[in-house]
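Protein chains in written order, with full-length UniProt numbering: chain L, 1 to 361; chain F, 1 to 361.
Take the hints with a grain of salt, since some may be wrong.
Copies of the same chain look alike in the list, so a pair counts if it fits in one copy or across any two.
Okay, derived cross-link-like pairs now, DSSO-like style, lysine-lysine, Cα gap no bigger than 30 Å in a straight line [said to hold, decoys possible]:
| hint | residue 1 | residue 2 |
| --- | --- | --- |
| 1 | Lys54 | Lys156 |
| 2 | Lys167 | Lys156 |
| 3 | Lys156 | Lys56 |
| 4 | Lys203 | Lys359 |
| 5 | Lys302 | Lys105 |
| 6 | Lys279 | Lys156 |
| 7 | Lys283 | Lys167 |
| 8 | Lys105 | Lys359 |
| 9 | Lys166 | Lys203 |
| 10 | Lys105 | Lys265 |
Calculated directly from the structure, the hints in this document are not laboratory data.
There are 2 protein chains.
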Amino acid sequence: MLVAVVGVGLVGSEFVNQLLSIPAESSPFRLISLSSSSRTVLFEPANAILSPEKWKTILSTSNEKPDYETLTRKLSGFINPATEVAIVDNTSSDEIASLYPQWLKAGINVITPNKKAYSGDLGLYEQIVRASQESGARFLNESTVGAGLPVISTLKELVATGDKVKKIEGVFSGTMSYIFNEFSTGSPDGPSFSSVVSVAREKGYTEPHPADDLNGFDVARKLTILSRAIGSSSLPSLQSFASVKTTSLIPPALEGIPTGDEFLKRLPEFDEEFDKMRKDASKEGKVLRFVGVVDVVKGEVKAGLEKYSTSHPFATSLGGSDNIIMFHTERYSPRPLIIQGAGAGAAVTAMGVLGDLLKLV
Amino acid sequence: MLVAVVGVGLVGSEFVNQLLSIPAESSPFRLISLSSSSRTVLFEPANAILSPEKWKTILSTSNEKPDYETLTRKLSGFINPATEVAIVDNTSSDEIASLYPQWLKAGINVITPNKKAYSGDLGLYEQIVRASQESGARFLNESTVGAGLPVISTLKELVATGDKVKKIEGVFSGTMSYIFNEFSTGSPDGPSFSSVVSVAREKGYTEPHPADDLNGFDVARKLTILSRAIGSSSLPSLQSFASVKTTSLIPPALEGIPTGDEFLKRLPEFDEEFDKMRKDASKEGKVLRFVGVVDVVKGEVKAGLEKYSTSHPFATSLGGSDNIIMFHTERYSPRPLIIQGAGAGAAVTAMGVLGDLLKLV
Chain L
1 MLVAVVGVGL VGSEFVNQLL SIPAESSPFR LISLSSSSRT VLFEPANAIL SPEKWKTILS
61 TSNEKPDYET LTRKLSGFIN PATEVAIVDN TSSDEIASLY PQWLKAGINV ITPNKKAYSG
121 DLGLYEQIVR ASQESGARFL NESTVGAGLP VISTLKELVA TGDKVKKIEG VFSGTMSYIF
181 NEFSTGSPDG PSFSSVVSVA REKGYTEPHP ADDLNGFDVA RKLTILSRAI GSSSLPSLQS
241 FASVKTTSLI PPALEGIPTG DEFLKRLPEF DEEFDKMRKD ASKEGKVLRF VGVVDVVKGE
301 VKAGLEKYST SHPFATSLGG SDNIIMFHTE RYSPRPLIIQ GAGAGAAVTA MGVLGDLLKL
361 V
Chain F
1 MLVAVVGVGL VGSEFVNQLL SIPAESSPFR LISLSSSSRT VLFEPANAIL SPEKWKTILS
61 TSNEKPDYET LTRKLSGFIN PATEVAIVDN TSSDEIASLY PQWLKAGINV ITPNKKAYSG
121 DLGLYEQIVR ASQESGARFL NESTVGAGLP VISTLKELVA TGDKVKKIEG VFSGTMSYIF
181 NEFSTGSPDG PSFSSVVSVA REKGYTEPHP ADDLNGFDVA RKLTILSRAI GSSSLPSLQS
241 FASVKTTSLI PPALEGIPTG DEFLKRLPEF DEEFDKMRKD ASKEGKVLRF VGVVDVVKGE
301 VKAGLEKYST SHPFATSLGG SDNIIMFHTE RYSPRPLIIQ GAGAGAAVTA MGVLGDLLKL
361 V
């Protein structure tokens with residue numbers, strides 16, 4: 001299988017390294033193209049990139065600008081009954097996501113941790129599904145939820161084998177997991193909310209602007225992706241992540257602040273509010289967790305702060321920036337199927353992407 | 001894909017029901033053969049069995065005796081570039097397991113929850129791997145560990161994408177899980193061991209002879225299956241499940257008692273011993289759990305009773321007959337990847353089998 005990689009940031013670089021660490025003689029893949037936002041290279045299959053040491057230099061010394069029309073045309077030209085092609089989109093770009101239908105129509109498989117196409121407008125998603133059905137090319141997006149954890153494949157298997165999903169509930173954001181594992185342990189006291197967010201940012205757990213995590217949209221996007229994998233037409237979240245009932249953690253007075261630095265400087269003004277929520281939860285023997293829920297029975301999908309008993313797995317079992325996902329189904333009842341582990345980070349995200357690629361061969 | 005089913009007991013029947021509940025017009029499968037220990041039917045692809053209501057009658061009114069040589073020959077005859085064939089072995093038979101190399105050589109895919117071939121002598125397993133490599137036919141055995149939980153597929157993906165497995169640790173037996181979740185909760189007192197085992201047997205959680213669970217061999221077999229999926233040559237368990245350091249829970253004086261009834265009548269003589277272990281664990285703030293460990297770093301593989309702190313997930317998070325499996329790897333470190341849920345039962349086991357079949361198409 002010929003592979004073209006778009007996006008060579010943290011996840012993209014790690015992905016290329018993992019891909020090229022499969023010994024060439026046993027690898028079913030040939031890496032023939034790399035694109036960053038400013039440069040691109042594309043080789044004939046016989047001249048595929050093999051060296052984990054040299055790919056960065058090969059790309060950085062190219063003078064070609066990315067041109068996705070040319071890429072699509074040339075890649076299609078390589079497809080024949082003995083040769084499949086896959087594009088791996090490691091960007092988080094809306095623009096690249098909008099190209100998936102065109103790639104799939106051309107018979108090119110699409111693998112990505114990019115949530116945009118799968119959580120955005122239903123129109124684009126339907127085009128993707130239709131294009132894949134028409135050409136037989138496949139799209140896989142395991143690492144859009146839970147990074148390398150087997151979340152989407154498990155959900156698809158439950159559905160395909162005839163199980164009925166009743167509810168999916170989980171901590172889906174590594175950032176939110178870290179923040180609340182530190183902030184709310186069941187005790188009425190602890191570090192201030194703003195200090196926890198600051199440390200999370202220093203450790204690289206948040207986006208440069210923490211409001212991009214605290215708005216809850218990352219969780220809402222994941223819930224739309226799961227809703228579409230369930231396929232139940234009663235879920236409002238099918239439409240787009242904007243249809244998820246999302247409760248932002250950004251204090252209204254801090255909405256629209258342009259920089260992360262300024263945001264963090266003002267966040268302490270709201271520490272008392274967050275502290276009161278922690279104290280209230282503690283009084284009930286509970287902790288605060290930012291969770292996502294897809295309730296198929298009630299037709300309700302929401303992302304927001306909830307309280308859980310200190311004996312609940314969301315309180316006892318989580319640490320670091322772990323994700324935890326509980327599938328309540330007809331067969332996994334009364335006790336759910338649970339998947340837990342690191343839900344963010346380049347190594348595990350790239351692993352999920354490579355795992356998808358391996359499913360194609 | 002043409003499907004032949006061998007074994008129509010609890011799991012086998014549920015599997016056939018799940019398979020036939022996929023609407024025929026969208027199903028990629030055609031069920032053309034069923035075999036029990038005493039009867040068999042085999043149809044031409046055009047006359048495949050479609051009715052979830054009638055398959056039992058079709059089989060029970062057949063006068064044909066199972067004949068696996070004929071079955072193999074006829075199924076091979078159906079294979080062509082457009083038609084694949086799979087045999088689903090839902091028995092726990094050593095004899096059927098010994099046929100896998102022959103089936104794979106003939107180009108027939110093999111799917112099974114039967115642990116025998118994958119946990120028995122290395123010789124048979126190597127024949128299976130070789131036969132699959134030669135013909136390209138595939139073998140999948142997800143439901144040999146954790147029933148429908150995605151345990152083996154997750155492990156294979158970790159390995160295939162270059163992660164290094166350091167240790168796998170878990171509660172792998174639904175029966176042992178139930179017994180110790182009931183028997184040892186952290187408190188020094190509780191129901192007697194023999195009464196818990198009796199109730200478990202009444203609920204159908206144990207084999208007819210509870211010693212077949214208490215010997216720990218079921219867990220040892222699963223550890224050998226996982227060891228082979230890891231493929232590290234340092235693991236003694238690769239050789240066979242008999243090479244796993246297994247600590248049986250059968251009191252030596254009760255070894256070899258022929259019937260389950262007699263065994264249960266005498267088990268109360270040993271309640272005091274088990275009670276003492278529970279009290280000792282409780283004094284240390286711990287619970288007893290029957291676990292399996294594959295320690296790749298130490299090259300040690302063992303099944304036996306261990307003590308875990310009452311705050312450990314094996315104590316806090318388990319219930320019913322749940323399995324829980326922790327993967328400690330280079331990437332999932334310091335916190336493991338965890339999979340948890342019902343690890344026994346016909347519905348979830350059959351689901352794992354059907355999930356494997358879906359991976360083939």
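To see whether the hints hold, each was checked on the structure:
With identical chains, the CA atoms of Lys54 and Lys156 are at most 30 Å apart between copies only, with a shortest distance of 29 Å across copies and 38 Å within one. When the C-alpha separation of Lys167 and Lys156 is checked against a cutoff of 30 Å, the pair qualifies both within a copy, at 14 Å, and between copies, at 28 Å. Taking identical chains as interchangeable, the C-alpha atoms of Lys156 and Lys56 lie at most 30 Å apart only when they sit on different chains, with a minimum of 29 Å there against 36 Å within one chain. Taking the shortest alpha-carbon separations for Lys203 and Lys359, neither the intra-copy value of 33 Å nor the inter-copy value of 39 Å comes in at or below 30 Å.
In this assembly of identical chains, the alpha carbons of Lys302 and Lys105 never lie at most 30 Å apart, being 34 Å within a copy and 51 Å across copies at closest. Taking CA atoms no more than 30 Å apart as the test, Lys279 paired with Lys156 passes in neither setting, with 40 Å inside one copy and 45 Å between copies. In this assembly of identical chains, Lys283 and Lys167 lie within 30 Å of each other by CA distance solely inside one copy; the values are 28 Å within and 39 Å between copies. Taking the closest pair of Cα atoms, Lys105 and Lys359 come within 30 Å of each other both inside a single copy (20 Å) and across two copies (23 Å).
Taking the closest pair of Cα atoms, Lys166 and Lys203 come within 30 Å of each other only across two copies (26 Å); inside a single copy the shortest separation is 37 Å, beyond that limit. Taking CA atoms no more than 30 Å apart as the test, Lys105 paired with Lys265 passes in neither setting, with 49 Å inside one copy and 68 Å between copies.
In this structure, the hints that do not hold are numbers 4, 5, 6 and 10, in rising order.
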